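So you can see what is in the structure, the chains are spelled out below.
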Amino acid sequence: MNILVCISHVPDTTSKINFVENDTQFDTSGVQFIINPNDEFGLTRAIWFKEKGGAQVHVIHVGTATADPTLRKCLAIGADKAFRIDTPAIDGMSVAKELAAFITDNSYDLVIAGRESIDYNGAMVPGMLAALLDIAFVPNCIGLKVDGNNAVAEREIDGGREKLKGKLPMVIGAQKGLVEESDLKIPNMRGIMLARQKPFKVLSPKGSENITKDVIFEKPAPKAAVKLVPADDIDQLIELLHKEANVI
Amino acid sequence: MSILLFAESEKNKLKRNAAEIASYGSAMADELNKDCVAISFNADNAHELGQFGVSKVFNVNNAPQQFDAHVYASVLIYYIKSLGATHIILSSSADAKFLAPLVAANTNAAYVPNVVALPHEQHPLTVKRTTFTNKAFANTTSKAEINIIGVGNNAFGTVEHVVDCVVKNVTVELTASHLEQLSISKETGKATLADADVVVSGGRGLKGPEHWHLIEDLAKVLDAATACSKPVSDMGWRTHDEHVGQTGKPVSTNLYIAIGISGAIQHLAGVNASKVKLVINNDPEAPFFKAADYGIVGDAFEVVPVLTEKLKAFKTQS
Ligand SMILES: Cc1cc2nc3c(=O)[nH]c(=O)nc-3n(C[C@H](O)[C@H](O)[C@H](O)COP(=O)(O)OP(=O)(O)OC[C@H]3O[C@@H](n4cnc5c(N)ncnc54)[C@H](O)[C@@H]3O)c2cc1C
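Heads up: the protein sequence lines correspond to chains A and B, in order.
Using the numbering used here, the first residue of the first sequence is number 1, and each one after it goes up by one.
Using the numbering used here, the first residue of the second sequence is number 249, and each one after it goes up by one.
Bound-form chain A, shown alone (with noise of 0.2 Å):
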């Protein structure tokens, strides 16, 4: 079994979200950059089906070169081979179109991506994805076994979860739940050694273009201070989520 991830290099979940030049990029200066948290939960699984049953996994980047030591990461961790499609990610469109024509040249049965990045929260390319190649789709997944060419996928709803059985090649979007946290690889010596002789690819785009950009950012206003209530004076708190904050 061929599987593809994709991967979105994203600030740490701990980082500043600070912006530079009159509010038009975002500030990278002192930030720490991670493999987008739901794509390491895709990946983990990936390694799963990879030492199970010899599945190869791939991973595939759109962007620049800053990511490529996060693209190390994930052959330390595991993955056989890393791709990067050299051109700025704009938007999911984009994105998504580049995906598909590597993936039309190429040929594999599964491919996971993550439910959203955590950065732009676009949580659209791996449907798009899916869309445009005609095959099937299932976000939010909390989990994944494989059958032959069929595969089931559990995805996560508003409030349950639906099982889903489907034809490979499918799509899927990973999120927590899929693989347990401890289940998380953390790359050592041996895998950073490794990843040095693994293949790693750096690809001329096809030229797809953005419909969607992010013009201007804007922070939250600041909040105004907290209403401490005395922890013995309960009936004021109750007065005040009724009268002022009108939520009960």
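Keep in mind the hints are simulated off the structure, nothing from the lab.
These numbers were taken from a predicted model, which means no experiment stands behind them.
Warning: the hint list may mix true and false statements.
Claimed, not checked - Partial chain A-side listing against chain B, Cβ under 7 Å, derived:
| id | residue |
| --- | --- |
| 1 | Ala123 |
| 2 | Ala136 |
| 3 | Pro139 |
| 4 | Asp147 |
| 5 | Ser208 |
| 6 | Thr212 |
| 7 | Glu218 |
| 8 | Ala231 |
What the hints assert, rightly or not - Below 25 Å or equal to it, Euclidean Cα-Cα: the simulated PhoX-like pairs (lysine-lysine) are:
| id | chain 1 | residue 1 | chain 2 | residue 2 |
| --- | --- | --- | --- | --- |
| 9 | B | Lys523 | B | Lys538 |
| 10 | B | Lys261 | A | Lys243 |
| 11 | B | Lys259 | A | Lys227 |
All residues carry an ideal CB built from backbone N, CA and C; glycine is no exception.
Following the hints, put chain B with the ligand in place on chain A, whose structure we already have.
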């Protein structure tokens, strides 16, 4: 030229978020002087969209009862083409987020999710949305001819605006699905994180799963959904689907009550979009107080039972 809405339904009834989508779509239609047409699936009460400014509904009767993204997308694509829709408005539910990218890729439309307000410009279309998991906003422009706007849950609200509403029950040609549903399990009769007005959330400060009756009893009085911080689900005190935050579910409810949760940046990112936040924590230095509207510095084991009892009395009275 129309504005098309996807009005979600479940068990033959419109879902609550349909009212917000209708309010947003009809406000936009009024501004642009366009028609506002809703598409619903197997909804007996589709005419109720008229309370929120929608004058026309195509209620599709031959689609599967259970949401099927591939099939429902084909219906929306059909209507986008046949009505010449320029804007498609849908919610931020799990189903809507499943559907939207499929529709976008098939119609070469732009999809802008997590939108918090009406577009502030039409040429080019410019909308404000949350980004960096609620740590910032982006103003996003689109050069597409068809634009799909995903409205953030509870971001616009509902606006009553009663108009005559004509519902046409229709059957349309459906494409085959890529997926077969094997099973679905859903808690019934309990508010879900996606649509509850109030969410009661517990953290590590509750010390163990055996104390969760504190959270559940309070949630019951308020008809609230329950949630938890990441370590609580990682330790198995609660199931993963209750984990909220940057790597869990986002919450944008009217009232978020955080009990024994410190307010780490990853937790706040996921819940900050909630309108009012009440924090109960015994540490006056807990970072959550900086992000809260109301706070009680106190021991959850003492404060929460009293709060639950008093709210019960308040609810029976009002
Ligand atoms: C990559 C990454 C992603 C993450 N994503 C998330 C996420 O999505 N969601 C999330 O929640 N976290 C996330 N975290 C974890 C986050 O950093 C915090 O560790 C976590 O939110 C802390 O959970 P907590 O507040 O329940 O526990 P703690 O930080 O241990 O806080 C417990 C609180 O309870 C209070 N307390 C103790 N006893 C009492 C009492 N008797 N009465 C009242 N209060 C009491 C304490 O004062 C303290 O403030 C993430 C971390 C990383 C590294």
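So, going through the hints one by one against the coordinates:
1. With 7 Å as the threshold, the beta carbon of Ala123/A comes within range of chain B, its nearest partner Cβ sitting at about 5 Å, so the hint holds.
2. Interface hint at Ala136/A: satisfied, since its Cβ lies 4 Å from the closest Cβ of chain B, which is below the 7 Å cut-off.
3. Hint on Pro139/A holds. Least Cβ distance to chain B is approximately 5 Å, under the 7 Å limit.
4. Because the closest C-beta pair between Asp147/A and chain B is about 12 Å apart, greater than 7 Å, the hint is violated.
5. For the restraint placing Ser208/A at the interface with chain B, the shortest Cβ-Cβ distance is roughly 12 Å, beyond the 7 Å limit, so the hint is violated.
6. Nearest Cβ of chain B to the Cβ of Thr212/A: about 5 Å, under the 7 Å cut. The hint holds.
7. For Glu218/A, the shortest C-beta to C-beta distance to chain B is roughly 4 Å, which falls under 7 Å, so the interface hint holds.
8. Proximity of Ala231/A to chain B holds as hinted, the smallest CB-CB distance being about 3 Å (cut-off 7 Å).
9. At roughly 15 Å between alpha-carbon atoms, Lys523/B and Lys538/B fall within 25 Å of each other, so this suggested pair holds.
10. Of the supplied pair hints, the one linking Lys261/B and Lys243/A is violated, its CA atoms being roughly 32 Å apart against a limit of 25 Å.
11. A hinted pair counts as satisfied when its Cα atoms are at most 25 Å apart, and Lys259/B with Lys227/A does not qualify at roughly 42 Å.
Hints 4, 5, 10 and 11 from the list above are not met by this structure, while the remaining hints are.
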